[in-house]
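Q: Take a look at the letters that make up each chain.
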Amino acid sequence: MSAPSITSNKVGNNFMAGISEPVARLKNPDRMEREEAALLLTANPDPEKAAELCRLLDDPDISVRNLVAEVLVKMGETAANALIAEASSPNHDVRKFVVDIMALINDQRFIPVLIDLLKDCNENVVGSAAEALGHVVSSDAVEPLIECIKTRPDSSPQAIEALGKIGSTRALQVLFDLLESDNIILEYAAVESIGKIRSPEAINKLLYLLQVGNPELRNVVLTTILKLAGTGNRDSIFKATGGKFADYLIEAAASDDMDVKKAALSEMAFWTGEKVVATLIRVLDYPDQEIVDLAQGALRVAGNSGLTEIINAIERNPDPIKILLIEISSFLKSHELLNGILAQADSINPDVRIAVARALTKFADRKGVAVLIKLANDEVGHVRAEAIRTLGIVGSDSEIDQIGKHLGDEFSDVREASLGALILISGPQTIELFKREIQNPDINRKIMAVRGLGWIGEEATSEILLEALTNEETEVRRQAIIGLSKMRCVRLDDHLALMLTDESPEVRKAAINAYLNSVGADSGEKIKVLLDDQDMWVRFYAINALDSINDRTSLDKLIEKLYDQPPFIQMAIINLIAKYADHQAEAELAKLVRNENKDISNAAREALETRTT
Amino acid sequence: MHIQKRMAGDVTILSLDGRLDLTSASTLKEASKDVLSNNAKKMVLNLDRVDFINSSGLGALVSILKEVRNSQGTMKLTNLAPYVKEIFDITQLSNIFDIFPDENQALSSF
Chain C
0 MSAPSITSNK VGNNFMAGIS EPVARLKNPD RMEREEAALL LTANPDPEKA
50 AELCRLLDDP DISVRNLVAE VLVKMGETAA NALIAEASSP NHDVRKFVVD
100 IMALINDQRF IPVLIDLLKD CNENVVGSAA EALGHVVSSD AVEPLIECIK
150 TRPDSSPQAI EALGKIGSTR ALQVLFDLLE SDNIILEYAA VESIGKIRSP
200 EAINKLLYLL QVGNPELRNV VLTTILKLAG TGNRDSIFKA TGGKFADYLI
250 EAAASDDMDV KKAALSEMAF WTGEKVVATL IRVLDYPDQE IVDLAQGALR
300 VAGNSGLTEI INAIERNPDP IKILLIEISS FLKSHELLNG ILAQADSINP
350 DVRIAVARAL TKFADRKGVA VLIKLANDEV GHVRAEAIRT LGIVGSDSEI
400 DQIGKHLGDE FSDVREASLG ALILISGPQT IELFKREIQN PDINRKIMAV
450 RGLGWIGEEA TSEILLEALT NEETEVRRQA IIGLSKMRCV RLDDHLALML
500 TDESPEVRKA AINAYLNSVG ADSGEKIKVL LDDQDMWVRF YAINALDSIN
550 DRTSLDKLIE KLYDQPPFIQ MAIINLIAKY ADHQAEAELA KLVRNENKDI
600 SNAAREALET RTT
Chain Z
0 MHIQKRMAGD VTILSLDGRL DLTSASTLKE ASKDVLSNNA KKMVLNLDRV
50 DFINSSGLGA LVSILKEVRN SQGTMKLTNL APYVKEIFDI TQLSNIFDIF
100 PDENQALSSF
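Chains as they are written, first to last, in numbering that gives the first Met the number 0: chain C, 0 to 612; chain Z, 0 to 109.
Hint data in this document are derived by calculation from the structure and do not stem from the laboratory.
This one's a predicted model, so the numbers in the text were calculated from it and none came from an experiment.
Even for Gly, the Cβ is constructed at its ideal location relative to N, Cα and C.
Do not take every clue at face value.
[As the list claims (entries may be wrong)] Here are the simulated DSS-like pairs of lysine-lysine, each with C-alpha atoms no more than 30 Å apart in a straight line: (1) C:K366 <-> Z:K28; (2) C:K274 <-> C:K164; (3) C:K226 <-> Z:K84; (4) Z:K40 <-> C:K485; (5) C:K404 <-> Z:K84; (6) Z:K84 <-> C:K434; (7) Z:K84 <-> C:K164.
[What the hints assert, rightly or not] Across the chosen pairs, the derived CB separations fall in these ranges: (8) C:N543 <-> Z:Y82: 34 to 42 Å; (9) Z:N103 <-> C:D99: 34 to 42 Å; (10) Z:S25 <-> C:N348: 38 to 46 Å; (11) C:L103 <-> Z:N103: 26 to 34 Å.
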């Protein structure tokens, strides 16, 4: 901790008399000093320091007052007695400040002081004291707050709010009476506080207000009841209204007040009935995405109680709403909805047909599959792709040929969808289909077939893939290696030595990966040979492979291959041999520091430095 | 395949270790059935240590998802290795499953 830099001159001799050093530092002009002092005081709460701090609550500098208040709040109960003493300050601003701090500390010892301050001569102090009593939550404060409402009209809103927070039913009658006042602010506050008390009497009063209450209060009453429903009182409300509450929800959902509207839509998920569902459907075209999202969410839960409404709405609404409803229907998984959805498979809008194909993921019955097969032959590629993807999830062996013919579709999205669907259905028939496809003259179909077999990854596919290792097409051989390696097929090992010498560099690279995957750390001998490969990328792959298995037996070969290589391969060798603590490697690196290619010389220098470190 | 089960609040986490294929698919289905029979509604499958998955493994995951949804539950997948993610993309299962990069993100999504 640095020495105190403040002197009594800087802060004023008279004012600071009796104030100890850390407290005095809160007035230091240097912000860092002030913050350090505040931290020190907070870390070591001391009642005497708290009393000194209270003396600074009337400091002319607002930033000092605020910092002092912050420290007192952090001191918590240690500051309680000092604050209680300061509550009788002759300065009303100090009293108000003290009350605000008390509200944040929330100590039961403050209750009698705060109750006394409800009779303070200053109205701001009274308002703050009422507010603070709402934070402290003591039933002792109920009667004094009621008295405050009667005698101190300017502080009534805070007192009413405090009564709501305290939640005592003893306050209900006064709050009910306030609903008859001509003051709309007090009536609003009373409605909200009645809602917070949550007793059956309070709920009944709010429901009564919906029927005969002041129309100006209707929105606040609705919002209050919706909050009550969302906080565990749904059953009470249901019993009290006999289900009629749904009508109020419908009214609230149509409100122009966005808060009321949102609260109603959120609550609607928990109420049932065709009217509720119809209301939610009507909101789906509202020009506010948050509202639409709320309605969609509620429909996914409550929709089952209004299936007829949904079926009719799918039929008669414009396409964007239709698409939303089809998507919602898939969450409801009711077979009553299936016919409504299937009817849309003939829509002239491809987006609607796509929505149908997606929704059918949840309806795996014969009718659904029949429509999916029809959509799989749609004139629009995206529709075909979506239908085929869904068939992969809900389909069976019977659909394999239907899906398989799309492996040669003109759109790549459809071809990929077919491959994915066949992988998902898999089984002997799919394997047989892929086996036939390898003989297809279309190279893309051959490749997809090999990929598919690799992903199916069962014992039955390995025989076909092993045969494909000798296929005349490079990519077929490469995919066969990838597939067999992924499956960890042990019989691949017998072929890998040969594949490492394949005429195609792409196949040799795949073979290196497979060899590493299979043989692991002992694969160095075979891979080392590929450092002589005519293809630079194969050599590069081989270096990386040797790096991954940390094979030191290849050092001589690597040094031998260090020259007459493209720079990127030289760099790869430099990085690899730098890892071996070997004098010969070090000497070669030292030579390369003088290489005319800056990248090479820098890499060699860095490699040597790393070794030294 | 080894399956480790643990709880995070009301969420059951099954961490899978090994190959997810025809042989292990039934083990996984049993484990998830066990979770559902205890009335658990929230499940996370951590695939971090799955070093092989094939169509039988995918089929098992789809079948578990259907079971979970039929029980009004929710299931999320996490930590898919790049090659597992690849097959999810090819089959478009990434659109069917809720997939998260890690457990924390999956748990906070419930």
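Q: Checked against the structure, which of the hints given earlier come out wrong?
A: Numbers 2, 3, 4, 7, 8 - these are the hints that the structure violates, sorted from lowest upward.
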